[in-house]
Amino acid sequence: MARYESLIDALGDTPLVGLPSFSPAPHVRLWAKLEDRNPTGSIKDRPALRMIQQAEAEGRLTPGCTILEPTSGNTGISLAMAAKLKGYELVCVMPENTSAERRQLLEMYGARIIFSPAAGGSNQAVATAKEIAAQHPDWVMLYQYGNPGNALAHYEGTGPEILRDMPTITHFVAGLGTTGTLVGTGRYLREHKPDCQIIAAEPRYGELVYGLRNIAEGFVPELYDPDVLTGRYSVGAYDALRRTRQLVEQEGIFAGISSGAILHAALGQAEKAAGGGDEADIVMVVCDGGWKYLSTGAYTGTLEEAAEALEGQLWA
Amino acid sequence: MSATVSIPTILRTHTGGEKQVKAEGSTLQEVITDLEANHPGIKDRLVTDGSLHRFVNVYVNDEDVRFAGGLDAQVPDGGTVTILPAVAGGAR
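Going line by line, the protein sequences match chains V and U. When the letters of the first sequence are read in order and numbered with UniProt numbering, they come out as residues 1 to 316. When the letters of the second sequence are read in order and numbered with UniProt numbering, they come out as residues 1 to 92.
No wet-lab data here; the hints were simulated from the structure. These figures come from a predicted structure and were not determined experimentally. Cβ atoms here follow ideal geometry from the backbone N, Cα and C, with glycine treated the same way. Each hint can be trusted.
Distance windows between CB atoms, simulated:
no., chain 1, residue 1, chain 2, residue 2, range
1, U, R12, V, E308, 16 to 22 Å
2, V, E308, U, G41, 28 to 34 Å
3, U, G78, V, Q135, 52 to 58 Å
Computed footprint of chain U on chain V; a stretch qualifies when at least three of its residues, placed anywhere within it, have a C-beta under 8 Å from a C-beta of chain U:
no., stretch
4, 227 to 236
5, 264 to 275
Kindly generate the complete structure, drawing on both the sequences and the hints.
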């Protein structure tokens with residue numbers, strides 16, 4: 001049955017598709033969970049809707065309320081759609097160096113955007129949102145970095161869907177931002193498949209983004225649980241773009257740039273597994289489609305030009 | 001066994017400003033020992049009491065060595081070693 005009462009109800013149950021052209025050996029297979037097939041086109045619909053439902057159930061969120069959230073884009077877009085349907089106001093705190101499409105989508109859904117300085121990245125957006133929350137005690141900050149509902153959405157949704165569709169899973173690879181996807185999905189998978197590898201891919205930004213920050217300021221999301229992870233990759237813009245383009249060229253999957261970074265990590269694991277000889281089913285997340293990143297130049301010109309264009313931008 | 005090592009800005013005083021240098025070794029330990037031989041002083045910026053400094057992240061072919069054996073992490077021939085100050089979200 002594929003009929004739903006409203007867009008919000010059409011969440012999850014996303015397809016898992018094979019990536020045969022990336023397989024380095026017959027016994028090592030890669031699979032992509034297409035999270036762009038969610039209501040607003042990203043994996044963030046899962047935590048956003050879950051956090052809203054939880055706040056409603058607790059009575060913290062009632063019609064007419066204002067929601068405040070630090071977000072680099074996708075969570076904001078998910079919240080903005082739900083806020084529109086449910087009658088909430090939304091204020092997003094977003095780094096000023098995110099793509100134009102994300103801004104336009106948020107504005108189209110009626111959200112207000114407060115920009116935080118580019119140099120501070122997502123960490124600065126979090127700090128700014130916390131300051132604003134203190135000034136507006138009547139606003140509801142769902143706070144995706146620390147809200148257990150974020151990880152629970154994946155523990156109860158993403159994880160069970162993956163295990164149902166790929167009972168022989170050996171590796172799960174996803175992006176590391178709020179850490180909700182990896183912690184929630186990873187916890188569920190490890191409970192059912194204790195040997196399943198849980199691999200994080202995080203973006204490595206140039207010094208234009210990190211340069212002004214002190215190395216002691218590293219922000220660790222409250223949701224983060226290092227015991228769930230078994231591996232962690234840091235992927236630069238060049239490799240993320242290269243893999244993003246390979247996804248289109250080899251498998252026809254038009255994904256966002258962070259999915260390219262995740263594929264890069266998945267291929268690193270695939271290479272290791274190919275040398276080992278054991279059967280491997282590596283499941284990676286496609287977080288969103290490429291539409292929101294067209295203006296960044298990610299899909300045109302040479303890789304060098306595209307990587308240079310991304311310098312100083314938050315691409316994941 | 002040769003690897004390409006990416007050096008962050010704050011450590012380039014040891015490499016004469018070079019962003020990338022070559023080093024020999026099949027484990028991270030051996031690579032750092034070889035780095036120290038050619039760029040004296042760099043080892044102390046990376047290693048304390050026989051393990052990696054808390055505020056330094058090291059990646060072999062983009063994988064965080066803390067999950068791959070630490071200083072014993074294997075460095076494949078022609079591999080990349082990336083040294084970064086620990087700033088990204090989720091850093092311990």
